[in-house]
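The task is simple: from the sequences and hints, build the whole structure.
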Amino acid sequence: MAPHARVRAPELIGKGGWLNTGGTALTLADLRGRIVILDFWTFCCVNCLHVLDELRELEEKHRDTVVIIGVHSPKFVHEAEHQAVVDAVERYEVHHPVLDDPELATWKQYAVRAWPTLVVIDPEGYVVAQHAGEGHAHALEQLVGELEAEHAAKGTLRRGDGPYVAPEPVATDLRFPGKALLLPGGTFLVSDSTRHQLVELAADGESVVARVGSGERGFGPDGFSEPQGLALLPDGTVAVADTVNHALRAYDPATGAVTTLAGTGRQWMQGRPTSGPATEVDLSSPWDVAWFADRLWIAMAGVHQLWTYDPATGTVEVAAGTTNEGLVDGPAPEAWFAQPSGLAAAEDRLWVADSETSALRYVERDGEGFAVRTAVGTGLFDFGHRDGDARQALFQHPLGVTALPDGSVAVSDTYNHALRRYDPATGEVTTLATDLREPSDAVLVGDDIVVVESARHRLTRLRLPEEAVRVESVAHRTQRAATDVAPGRLRLDVVFQAPTGQKLDTRYGPSTRLLVSSTPPELLAEGSGTGTDLGRDLVLADGVTEGVLHVSAMAASCDDDPENEYPACHMHQQDWGVPVRVVPGGAGRLPLVLAGLDA
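All residue numbers in the sequence shown are consecutive under my numbering, ending with 1080.
There could be a bad hint or two in this list.
Mimicking DSSO-like on lysine-lysine, the simulated pairs with C-alpha atoms at most 30 Å apart in a straight line are [unchecked claim]: (1) 635 / 984; (2) 542 / 984; (3) 542 / 635; (4) 496 / 589.
Between beta-carbon pairs, the in silico distance windows are [to be verified]: (5) 746 / 663: 51 to 61 Å; (6) 736 / 1044: 25 to 35 Å; (7) 956 / 906: 32 to 42 Å; (8) 654 / 505: 52 to 62 Å; (9) 663 / 963: 45 to 55 Å; (10) 642 / 925: 21 to 31 Å.
By construction, these hints were calculated from the structure, which means they are not laboratory data.
Just so it is clear, CB atoms sit at the ideal spot from N, CA and C, and this is done for glycine as well.
Structure representation (structure tokens):
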């Protein structure tokens, strides 16, 4: 195995303490002799959730040699609350120790710049690799095999049970429900996400009428995997966003049958088809669905897009978004989203809860096509709880939106634990209710609104108030420290080292892509745009002292075997939003590690 730079791994520290260890605080010394993979994640981030699923097979296969440690590093204020991290660890079935690091202490020690980031530590306590983004499972499997062989030969590998201790299960009828739908008969259908089921509740919103699905992860006729959005189709069946199966399913309330409408069970990756026969095209974490403009619209959270499914032709296609993460309005194919997670159809608009930009957005007809507009929200790093004029109002990671009869919309403002209202007629945002716990959806029932309180594991019925609640304004920005960079020229290097036994796939042209932009756009005098080199010289404009550099990188590597006509290939990709401050004496180079180590 090629020698690695001998960088001693910094200690693991976090003010929130440890989860899934039975109360034991772990140190790197406790883990000596094991291969340690640190997973820097935050529970709002769909890419982090993808990585959790990528790691499950590796975790099981190498249980006696590998210890995965989740380092929870919050973006939003709510994610710094300890109980919220406890809930997320259960919600997403994290079966390894987790360090709650609300002040980003360990994040800073490891110089992490993006969610998700994986850091590999060898049995002697040295950092040997870093991987940002998704698609690294194959590389990790290869590296783990090499480290097992090397350290078994040296006598420095210690096999045995890991430090994971499962928490006690809690009995409730629902467990972290996601979305709800009022069925024509007056009952509710709820996606019981952590239990991988649909649950039908009586009109009281409490009594269980029926359960759909085995309760175990699966993709068969009785299986779901963390289902979320629900929508009634014209034929009376219910479309289900089967999120972690990367699929759309259909549930027939009359017969109980479950079928697949779209998706293959595989996650969509760059370069794969974006339209075609629905059951032959991969999807990526569909989070919500809504019937609008004679199509089923899909909030494709995993790739920051909206797709549509046409039951008449049995086809899917991209309807809005470029896969770039951010907040950009305009013609639907050119718009940017950031993890759209809630949809609601009104007569002339499709409302969108765009969670990572803490924004309320909408799609409307524009000539022969559609356009995307923003009602509330400014970008990836501004959030809070502020009512008033929509141009300065703030949400915090909303996951749901509900159309109201008067033309306004109710927003499930998830991380503010509130139900908010936006009125297009006045341009005002108000607060309808507080003291909810991670509301993720709401359903209108007569003069009442029934809210999915996800972290209280229940539906809560509220009377729609005639007057809003007064809430003290709070504004936040993400707490990541800005990187000091020097004025003028800045060298951007995305570091990518192909896994052992692989090389960049150049058979059909360049196998790398780099997209650079900034907020504000005026920050960059030169260097924005798309190219194929992973390094680029940027020029920072005079007079702009701070902002965010948005960098999206992709690299495809394939097995390096000239005798193999059809080598296995793997896609590696990540988006970074790097806050920068322009100061004399700042750095002249910005390295971002996609895979490997920065020399």
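Review point. Are the Cα atoms of residue 542 and residue 635 separated by 30 Å or less?
Key: holds (22 Å)
Point to revise | Agreement of residue 635 and residue 984 with the hint, judged by alpha carbon distance not exceeding 30 Å | key: Holds: residue 635 and residue 984 sit about 29 Å apart, inside 30 Å.
Exercise for review: Go ahead and decide if the range 21 to 31 Å is satisfied by the Cβ distance of residue 642 to residue 925.
Suggested key: Cβ of residue 642 to Cβ of residue 925: about 51 Å, so the range 21 to 31 Å is violated.
Exercise for review: Would you check the hint for residue 542 and residue 984, treating anything up to 30 Å between C-alpha atoms as holding?
Suggested key: Within the cut-off at roughly 25 Å; holds.
Exercise for review: Starting from the range 45 to 55 Å, see whether the pair residue 663 and residue 963 falls in it by beta-carbon distance.
Suggested key: Holds, at about 46 Å.
Exercise for review: Determine whether the Cβ-Cβ distance between residue 956 and residue 906 falls within the hinted range of 32 to 42 Å.
Suggested key: violated (25 Å)
Point to revise | Cβ separation of residue 736 and residue 1044, checked against the hinted range 25 to 35 Å | key: At 52 Å between Cβs, range violated.
**Study point:** Status of the given 51 to 61 Å range, CB of residue 663 versus CB of residue 746
**Key:** The hinted range 51 to 61 Å is violated for residue 746 and residue 663, with Cβ atoms some 29 Å apart.
Review point. Do the beta carbons of residue 654 and residue 505 sit within 52 to 62 Å of each other?
Key: violated (32 Å)
Review point. Straight-line Cα separation of residue 496 and residue 589 no greater than 30 Å?
Key: Cα-Cα ~14 Å, so holds.
Of the hints listed earlier, those the structure fails to meet are numbers 5, 6, 7, 8 and 10, in rising order.
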